[in-house]
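*Asks:* Chain by chain, the residues:
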Amino acid sequence: MYRQLLLWLHISRSGKIARRYFVVNGFDGALTLLGLNVGFYLSGESNLPVIISACLGAAVALGVSGVSSAYISESAERERELHALEEAMVRDLSDTDHGRASRFAPWWVAAVNGLAPFLFGLLIILPLWLAAKGVALPLGPIETALATALMVLFFLGIVIGRIQGAFWLWSGLRTLIIALVTAILIYILNP
Amino acid sequence: MASIKRMVLDVLKPRHPNIIDFARTIADLGEGYRVVISVDEVDDKTESVMLSVEGENLDFEAIEQAIKALGGSLHSIDEIEAGGSGVDSAARPQG
Chain C
1 MYRQLLLWLH ISRSGKIARR YFVVNGFDGA LTLLGLNVGF YLSGESNLPV IISACLGAAV
61 ALGVSGVSSA YISESAERER ELHALEEAMV RDLSDTDHGR ASRFAPWWVA AVNGLAPFLF
121 GLLIILPLWL AAKGVALPLG PIETALATAL MVLFFLGIVI GRIQGAFWLW SGLRTLIIAL
181 VTAILIYILN P
Chain U
192 MASIKRMVLD VLKPRHPNII DFARTIADLG EGYRVVISVD EVDDKTESVM LSVEGENLDF
252 EAIEQAIKAL GGSLHSIDEI EAGGSGVDSA ARPQG
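Taken in order, these protein sequences are the chains called C and U. 1 is the number of the first residue of the first sequence in my numbering; add one for each residue after it. 192 is the number of the first residue of the second sequence in my numbering; add one for each residue after it.
For the record, the hints were derived by calculation from the structure and aren't laboratory data. As the structure is a prediction and not an experimental result, all values here were calculated from the model. C-beta: ideal position from N, C-alpha, C; glycine also. Don't take every hint at face value.
Unchecked claim - Okay, the calculated beta carbon distance ranges per label pair:
hint	chain 1	residue 1	chain 2	residue 2	range
1	U	Leu265	C	Arg174	50 to 58 Å
2	C	Lys16	U	Ala260	55 to 63 Å
3	U	Ala260	C	Glu87	18 to 26 Å
4	U	Ala218	C	Ser53	52 to 60 Å
5	C	Asn47	U	Ala260	52 to 60 Å
6	U	Lys236	C	Val60	25 to 33 Å
7	U	Arg206	C	Met1	48 to 56 Å
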């Protein structure tokens, strides 16, 4: 089964696509949660259940959006590719590894695209939830959530750097700069 | 019945999986299968290959099924070698 999955990933070339989606949508999720927490920090909101609900809502929405958008676009793309290959092979490929790979790939890519922002979102929410449960944190709950978001973004920067073959520290710092620019924009626009 | 020791097949296959994975899949079909694939022609989405399989007792149906499952089409059987154990090879080009 594992070998079959690897073959389908190879045929559909969805491994690379899923990796790209993981980084792009994971980045979206972490940056959105960072923005939310910056907003809460600047507004002086300290009601943790409200903050957790808002962050969880955003993480779930990003996850569902990631799954549905990736599935719709990938399944259309895969169907088109399979038809083109069927024309070239002059045969029906639905009952072959190509057919199965083209049905499997959209689900795989959709799962990665949805889970990345959701799981990174949960990671950023974790300090807020721990604080709400009475666990003592080294910083305030929102500050810890902000630090977690920055760490996630730094990690994603390193992943991007590895994909590019660039120096990991520079690519990590680059995503941190984007996060800081986002925070500054929110601060400037904050009423 | 004499067993098949060697066959050369003309196959049209999609570019993916590549001939490495294609050869591995065919070779895994039976104990001691040896596979050689040479590419004759490459197109945008497909490639024509000569698939040569050797073994003590080749299962033609399983090989044909694997080719189909990998998205390929068997165009022709170009060579076959059959015989009992100890019988010398008798390759005969199809013509």
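*Asks:* If any of the earlier hints don't hold here, list their numbers in rising order.
*Replies:* Of the numbered hints, 2, 6 and 7 do not hold.
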